[in-house]
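A.B. asks: Next come the chains, spelled out residue by residue.
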Amino acid sequence: MSSIKIENVYTAYDKADVLLDVSLEVVPGKITCLLGSNGAGKSTLIRSILGLTPPRAGRITVDGQDITGAPTHKVIAAGIACIPEGRRMFPKLTVTENLRLGAFQVADEALIRERMEKVFDTFPRLAERRDQLTGTMSGGEQAMVSIGRGLMGGPRILLIDEPSLGLSPLYVKENFRIIDGIRDSGITVFLVEQNVRQTLAIADYGYVLSGGRVVAQGTAEALKDDKEVYAAYFG
Amino acid sequence: MDIGLLGQYLANGVMLGTMYALVAVGFTLFFGVLDVIKFSHGDVLMLGSFTGFTVYIGVLAMGIENPWLMIAVILIVSITTTAAVGALIARYLVLPLKSAPPLNILLITLMLGTAIREAVRLFYPDGSNPKNFPALLPTASVDLGGFALRADSVILVGAGIAVIIGLNLLINRTRLGLAIRAVAQDEETAKIMGINYTLIVLVTFAIGSGAAAFAGIMNGLYYNEVNFGMGLLLGLIGFSAAIIGGLGNIYGAILGGFLFAGLQTVGAVALPFASAYKDVFAFGVVIALMAWKPTGLIAERSSDRV
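Chains F and G supply the protein sequences, listed in that same order. Residue numbering for the first sequence follows this note's numbering, starting at 1 and increasing by one per position. Residue numbering for the second sequence follows this note's numbering, starting at 1001 and increasing by one per position.
The hints are all genuine.
Here are the computed lysine-lysine pairs in the DSS-like style, where the Cα-Cα straight-line distance is at most 25 angstroms:
(1) F/K30 x F/K5
(2) F/K74 x F/K30
(3) G/K1098 x F/K74
(4) F/K173 x F/K224
(5) F/K118 x F/K30
(6) G/K1098 x F/K15
In case anyone wonders, no lab produced these hints; they're calculated from the structure.
Bound-form chain F, shown alone:
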């Protein structure tokens, strides 16, 4: 089972430093979560892994393979997929087209169809709406497409950025149940969230990011009672 290792990563936008010195390891075959308040640098870490905002220093490896600063399509080829923050639908493409894009690097048509059927089994509502433009769908339905799309490429590691953002409590609960199932199917999950309680309920291991540094880490059980976790949110 696969893992990501992040060593001393420093990432900055034009003039603002966001990640100062981040080191962490995503546990193979488990759900590793990254908690932190708004602006802690969580999404920036995801962007750094994906090569969208390459780190200025440090090293990121996937099962030993160096992907630091690699172009995004090479990172995806290394076995990573991402369910991005805000779902990021292609609004003028249909459900089917969005799902196909999730499997863009898969050449085997039969495999693509098989995975698509699996997504439709998980989300029967999408099967009914397979030819609908995703821009016309509700937030909850878009979240289903986004999760399905993240699985279409058959990733070994799945990065999930703020899946609860902007969703009703019912959908949040459903999504966390599905993420739990993804881990059970053998995929390594790196879950970035603000929602502490529900995240720690399904995660195995966790890190807390604050001010561009990891300020706490431990098993999900231990973090539930860690006051650093709450300090990271409330100062």
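With the hints as your guide, set chain G onto chain F.
C.D. replies: Frame of chain F, contents of chain G only:
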């Protein structure tokens, strides 16, 4: 007006519309994937015509005289060369300026267009004079009640429309087209899907430029002439066609191309003044259309981008 003359104008209008649509599709594709207006597009088309003309001289010197074979070689060499030029422009001029203000790209491609035009005028043998592009297609005609429909016109329009349909299928039905549409809608998410963004941009510029080369060859075969300045007006018309159709929309570009040709035809046929004013009339209507529908006839929100 007699029906024969009307038929002649109609055939001419369809021919022009096909060419304009081919040019407009390029503008719309470039805008789709990169949000840029590439003003050298018309001059790249001219380069395609001159490449075709040069290939013609070459194959003639090699002793090839079968006109179909000539056309095939001319098309293949001209389209691939021009496509490569388009990709190179994207790689070395447009992509590096991607995060710069859009005005810079507009200006740099405008200057590039001038450079291409002047280079052909100065360095191509006797480049400042028009060249006689050969009439390679059969010119037999059928008489349709006072108007002669020529075989070469039918072949040119048929081929042009086939290319437009082919481009449409490429964009809407293939994996490459899906990637192009994804990049046009959301560059970053397209990257996250594992799409090689730079490659898709280069391929898109190659496709658009190749379509322009095809239009350039069509133009040469139809008018039996190429000249270094031909890209200016064709580029401007293609750009106007893309704008009135709704920039970023491939159907809009095709519609805009035929609409512009229709306006020119109306300007030449139905209006009381001399046909020399047809472009004035057509551009005047374009200005009015833009004032009425600033985002184009097919507004972006109600239609697919690219």
